[in-house]
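Protein chains: 2
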Amino acid sequence: MSLHGTSLINGGPIAPGGHPFAAASPLHPEPLSPEFYEATEADVHRALTAAEAARTALEEAGSQGRARFLEGIATELESLGVPLLERAHLETGLPLERLASERSRTTGQLRLLAALLREERWRDLRVDPPLPERQPLARPELRRTLLPLGPVAVFGASNFPFAYSVAGGDTASAFAAGCPVVVKAHPAHPGTSELTGGAIVRALRNSDLPPGAFALLQGRSHALGEALVRHPLLCAVGFTGSLRGGRALFDAANSRPAPIPVFAEMGSLNPVFLLPGALHSRAAQIAAGLTQSITQGGGQFCTKPGLLFGIAGPELDAFQSNLEEAMRAALPSTLLHSEIQRSYESGAARAAALPGVQILTESARPPEPALTQGRPLLLGTDSATYLAERSLHEENFGPSTLFVKAPNLEVLLQIAARLEGQLTAAVHGTDAEAEAVGALFSILEQKAGRLIYNGYPTGVEVCAAMHHGGPYPASTDSRFTAVGTAAIQRWLRPVCYQNFAAPSRWWNNL
Amino acid sequence: MSLHGTSLINGGPIAPGGHPFAAASPLHPEPLSPEFYEATEADVHRALTAAEAARTALEEAGSQGRARFLEGIATELESLGVPLLERAHLETGLPLERLASERSRTTGQLRLLAALLREERWRDLRVDPPLPERQPLARPELRRTLLPLGPVAVFGASNFPFAYSVAGGDTASAFAAGCPVVVKAHPAHPGTSELTGGAIVRALRNSDLPPGAFALLQGRSHALGEALVRHPLLCAVGFTGSLRGGRALFDAANSRPAPIPVFAEMGSLNPVFLLPGALHSRAAQIAAGLTQSITQGGGQFCTKPGLLFGIAGPELDAFQSNLEEAMRAALPSTLLHSEIQRSYESGAARAAALPGVQILTESARPPEPALTQGRPLLLGTDSATYLAERSLHEENFGPSTLFVKAPNLEVLLQIAARLEGQLTAAVHGTDAEAEAVGALFSILEQKAGRLIYNGYPTGVEVCAAMHHGGPYPASTDSRFTAVGTAAIQRWLRPVCYQNFAAPSRWWNNL
Numbered sequence: 001m002s003l004h005g006t007s008l009i010n011g012g013p014i015a016p017g018g019h020p021f022a023a024a025s026p027l028h029p030e031p032l033s034p035e036f037y038e039a040t041e042a043d044v045h046r047a048l049t050a051a052e053a054a055r056t057a058l059e060e061a062g063s064q065g066r067a068r069f070l071e072g073i074a075t076e077l078e079s080l081g082v083p084l085l086e087r088a089h090l091e092t093g094l095p096l097e098r099l100a101s102e103r104s105r106t107t108g109q110l111r112l113l114a115a116l117l118r119e120e121r122w123r124d125l126r127v128d129p130p131l132p133e134r135q136p137l138a139r140p141e142l143r144r145t146l147l148p149l150g151p152v153a154v155f156g157a158s159n160f161p162f163a164y165s166v167a168g169g170d171t172a173s174a175f176a177a178g179c180p181v182v183v184k185a186h187p188a189h190p191g192t193s194e195l196t197g198g199a200i201v202r203a204l205r206n207s208d209l210p211p212g213a214f215a216l217l218q219g220r221s222h223a224l225g226e227a228l229v230r231h232p233l234l235c236a237v238g239f240t241g242s243l244r245g246g247r248a249l250f251d252a253a254n255s256r257p258a259p260i261p262v263f264a265e266m267g268s269l270n271p272v273f274l275l276p277g278a279l280h281s282r283a284a285q286i287a288a289g290l291t292q293s294i295t296q297g298g299g300q301f302c303t304k305p306g307l308l309f310g311i312a313g314p315e316l317d318a319f320q321s322n323l324e325e326a327m328r329a330a331l332p333s334t335l336l337h338s339e340i341q342r343s344y345e346s347g348a349a350r351a352a353a354l355p356g357v358q359i360l361t362e363s364a365r366p367p368e369p370a371l372t373q374g375r376p377l378l379l380g381t382d383s384a385t386y387l388a389e390r391s392l393h394e395e396n397f398g399p400s401t402l403f404v405k406a407p408n409l410e411v412l413l414q415i416a417a418r419l420e421g422q423l424t425a426a427v428h429g430t431d432a433e434a435e436a437v438g439a440l441f442s443i444l445e446q447k448a449g450r451l452i453y454n455g456y457p458t459g460v461e462v463c464a465a466m467h468h469g470g471p472y473p474a475s476t477d478s479r480f481t482a483v484g485t486a487a488i489q490r491w492l493r494p495v496c497y498q499n500f501a502a503p504s505r506w507w508n509n510l
Numbered sequence: 001m002s003l004h005g006t007s008l009i010n011g012g013p014i015a016p017g018g019h020p021f022a023a024a025s026p027l028h029p030e031p032l033s034p035e036f037y038e039a040t041e042a043d044v045h046r047a048l049t050a051a052e053a054a055r056t057a058l059e060e061a062g063s064q065g066r067a068r069f070l071e072g073i074a075t076e077l078e079s080l081g082v083p084l085l086e087r088a089h090l091e092t093g094l095p096l097e098r099l100a101s102e103r104s105r106t107t108g109q110l111r112l113l114a115a116l117l118r119e120e121r122w123r124d125l126r127v128d129p130p131l132p133e134r135q136p137l138a139r140p141e142l143r144r145t146l147l148p149l150g151p152v153a154v155f156g157a158s159n160f161p162f163a164y165s166v167a168g169g170d171t172a173s174a175f176a177a178g179c180p181v182v183v184k185a186h187p188a189h190p191g192t193s194e195l196t197g198g199a200i201v202r203a204l205r206n207s208d209l210p211p212g213a214f215a216l217l218q219g220r221s222h223a224l225g226e227a228l229v230r231h232p233l234l235c236a237v238g239f240t241g242s243l244r245g246g247r248a249l250f251d252a253a254n255s256r257p258a259p260i261p262v263f264a265e266m267g268s269l270n271p272v273f274l275l276p277g278a279l280h281s282r283a284a285q286i287a288a289g290l291t292q293s294i295t296q297g298g299g300q301f302c303t304k305p306g307l308l309f310g311i312a313g314p315e316l317d318a319f320q321s322n323l324e325e326a327m328r329a330a331l332p333s334t335l336l337h338s339e340i341q342r343s344y345e346s347g348a349a350r351a352a353a354l355p356g357v358q359i360l361t362e363s364a365r366p367p368e369p370a371l372t373q374g375r376p377l378l379l380g381t382d383s384a385t386y387l388a389e390r391s392l393h394e395e396n397f398g399p400s401t402l403f404v405k406a407p408n409l410e411v412l413l414q415i416a417a418r419l420e421g422q423l424t425a426a427v428h429g430t431d432a433e434a435e436a437v438g439a440l441f442s443i444l445e446q447k448a449g450r451l452i453y454n455g456y457p458t459g460v461e462v463c464a465a466m467h468h469g470g471p472y473p474a475s476t477d478s479r480f481t482a483v484g485t486a487a488i489q490r491w492l493r494p495v496c497y498q499n500f501a502a503p504s505r506w507w508n509n510l
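Those protein sequence lines, which keep their order, are chains A and B.
Residue numbers are given in the numbering used here: position 437 of the first sequence equals residue 437, and the series is strictly consecutive.
Residue numbers are given in the numbering used here: position 142 of the second sequence equals residue 142, and the series is strictly consecutive.
Bound-form chain A, shown alone (with noise of 0.2 Å):
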């Protein structure tokens, strides 16, 4: 499977320019072949030209040529087969079948907005009809109608070479409502990206659709992404990745003479509280589970469970007995590239160095190095130390997290009370304590976008009631998801025709 190691602007690899950089393995030390080149302001401004020429044509397509382009997308996905799934693993560390399991996802969600279209209900078209006889002034006809935004820029992440980069949720809920996109490959895995990206400008030219719909841009300078952000025929923005990352883009676009809107999904600590009864019935059941929510995929997910507060007394006790003994068994797995590694070792040990923090327990089995390995980690502290330190609030991407003791109910609520913005927040308990501690829901719906009962965070279905997202920092706008069929909404205007009964053209997808 032959890599170009170049953007592709205007459906195909551009010429070798930029400054070179190498495509690293967290699996071995070599880089890995071929080089690839960084995109230039110039080439920002071709693959933007070009998206801005292709627009009507997106839009022309209709739900239906659209959702026929998303299924080609699937398609050629999958025709690239196992090769496909190699690279990713060389460039991410991530097993095999981890990444088959993810792009079965990506293609699934290609589909299902693919569905959306065909229904057409996405457009929530709604009709006042004329009122000719009203006093003391006639109703014209009003009907209003949803478009697309414009060209839209997809920063990939890191964590999901498939489902949440270049042919993931972003650029799929982007393209179903009819804006071209420009992807900002992640530069941990830039073959990956290529490949993904070739699939993509197939199933443009096998749909009649101008090249110019998509691009994609190589590289690594946080440069790159604001010039991005800044050219003026760019309309929204797409992100998954840190709070710093999103941040930066978020003031980005909003300092442009017009600004744009930016869907950044950053960071999350995904808190589980843990109620007495639940323990009591379920301890083993639960450990096994968080420890299996927590250590998935290395921890580098975006719901991974970092926070876990209890109640103190025996259910307690005997639920982290249950729970150590889990994380013990946990594998330590390896990391997407070296420095989230690094990192991950950097802010585990921060954390353990605080005064009132301690090692609860780590994988019995240490980690490779070679391999780019991260331990599971289980710390533990009080909630008055918790409460009083900042950066226990912070999440460390990883598979660790930290159990927090409250001395009673009241406590828990302030904890919950002093909560950042989430994605998710989950309560164990039984359906007695659920009702007993209404104030409990009532505050986690104000700090997450998802409330999970009795279940844990990670696996984010792909569905109509999905919400991806939650109150700052989690994301930067708590409205709108990043996963799901709502995720389109995103990337669309309404526009209101008054009057337009008679020549009717101008709405011909209603």
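The hints are simulated quantities; they were obtained by calculation from the structure and are not laboratory data.
Bear in mind that the values here come from a model prediction, so they are computed numbers and not experimental data.
Check each hint, because a few of them may be wrong.
If you want the footprint, here are the derived chain A segments under chain B, 3+ residues with CB under 8 Å [claimed, not checked]:
| no. | segment |
| --- | --- |
| 1 | 386 to 393 |
| 2 | 441 to 448 |
Ranges between beta-carbon positions, derived for each pair [unchecked claim]:
| no. | chain 1 | residue 1 | chain 2 | residue 2 | range |
| --- | --- | --- | --- | --- | --- |
| 3 | B | 257 | A | 338 | 43 to 53 Å |
| 4 | B | 134 | A | 83 | 26 to 36 Å |
| 5 | A | 221 | B | 438 | 48 to 58 Å |
| 6 | A | 137 | B | 202 | 24 to 34 Å |
| 7 | A | 22 | B | 435 | 55 to 65 Å |
| 8 | B | 135 | A | 11 | 32 to 42 Å |
| 9 | A | 389 | B | 78 | 28 to 38 Å |
Where is the CB? At the ideal position from N, CA and C, for every residue including glycine.
Chain A is already provided as a structure; the job is to place chain B on it using the hints.
Relative to chain A, chain B alone:
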């Protein structure tokens, strides 16, 4: 009708304090009594603390409870009778008849939102049923509803003392969503604001809702508005006014540690494109309709047509005569306050002094300086001058418009393509012309939130299909409307409930 001259916090007037300022009338030089007092930063904090404390009660009142509350505000506004209109007339100079119809519109939109609440469809409820047998993983039940964002700040507009002010569309839709509201009253009509605020206070009391759910802050300083927007308990902002004012609040909101959304409806030129066939058959009618739309309310509507574009030829010449005649016959009217009047005159003089710009005509009757009047004015230029001169692309608030002659359709399309974001864009044409210039409509769709065919932009319907908002700088977020039932969507965020089937009380309104 007695006035306290102070802000309203927690159910009543606060003690006088802060810098005093006078309420002025454009109809006479003497200040109105009583004196008003600028709210302080401490008042902002008290208002928001009370708002935060009231949010649960407002949400738990549910759709039905909030519907009764909105209807209660409408009833209270009506029972203020003629004295409310008289105070508004003194403060704004707007005729009593116009103010009566604006109040009707305001009570109408309160009742329309109440009707929306009663239907419950506004929650966009989405349910994905559980799939316990699904392989490899069972799916839990997922339900999504919409919850209020939290306390909202509303900045009242000068030009609509009822419909876009204390109990106007922003406040009504935020209350409908379940958000407490802190209004920053426009300093040009503080007495009208206090009276309207009193109606809301009484309606809250009659609905057994906490008084903290509403506050009215009086004041003239930008610092007060900034303090409100920067307060950590504030969750969103609604604003109607100038580009400079809206952008300042937008920038302040986005530079907070936790940014919040700002829905600012700002300037708009509302271009009108005049095609020859329409002018051939309806020149006098269109001239009369446009003159009415330009001069209505002193030209102080956000949808006033400030740009007219036509193609040079005998039809346009004949239409120009009709338009000049109609504009000459139009009467000067009192503007909202002396600052607007000065700004209108200087803006008109600056434009008229530009090389290539002519005064085509003005009202035959000179304005009455003691009544703060603005004189209807028709300026003319050619398309080359218009395209080259940026200042002609900026709104001049008042009863003037710029008539631009293009040599041909091609240049008309160029002009359309270079428009800034607009609230509206209108086209007058025959059906055959409209069919022939699909490109014009395609361009205007990208530029405006509402397209009007053979009609006039003023007279914004309050209905489900209305979209009042447009690409920047018409508004800060083109995806949301300030008018109509969809306005409620600005103040809501989705929350997904996973596996909550058993304890169902946390979405008792679903």
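Status of each hint after checking the structure:
1. 386 to 393: Contact hint for the segment 386 to 393 of chain A vs chain B: violated, 0 residues under 8 Å.
2. 441 to 448: holds (count 5)
3. 257(B) with 338(A): 43 to 53 Å: With a Cβ separation near 31 Å, residue 257(B) and residue 338(A) fall outside 43 to 53 Å, so the hint is violated.
4. 134(B) with 83(A): 26 to 36 Å: Roughly 30 Å apart at Cβ, these two residues keep to the hinted range, so it holds.
5. 221(A) with 438(B): 48 to 58 Å: 42 Å, violated
6. 137(A) with 202(B): 24 to 34 Å: With a Cβ separation near 31 Å, residue 137(A) and residue 202(B) satisfy 24 to 34 Å, so the hint holds.
7. 22(A) with 435(B): 55 to 65 Å: Hint holds: Cβ distance 57 Å, inside 55 to 65 Å.
8. 135(B) with 11(A): 32 to 42 Å: Given range 32 to 42 Å: holds, Cβ gap about 39 Å.
9. 389(A) with 78(B): 28 to 38 Å: 56 Å, violated
Consistency with the previously given hints fails for numbers 1, 3, 5 and 9, ordered from lowest to highest.
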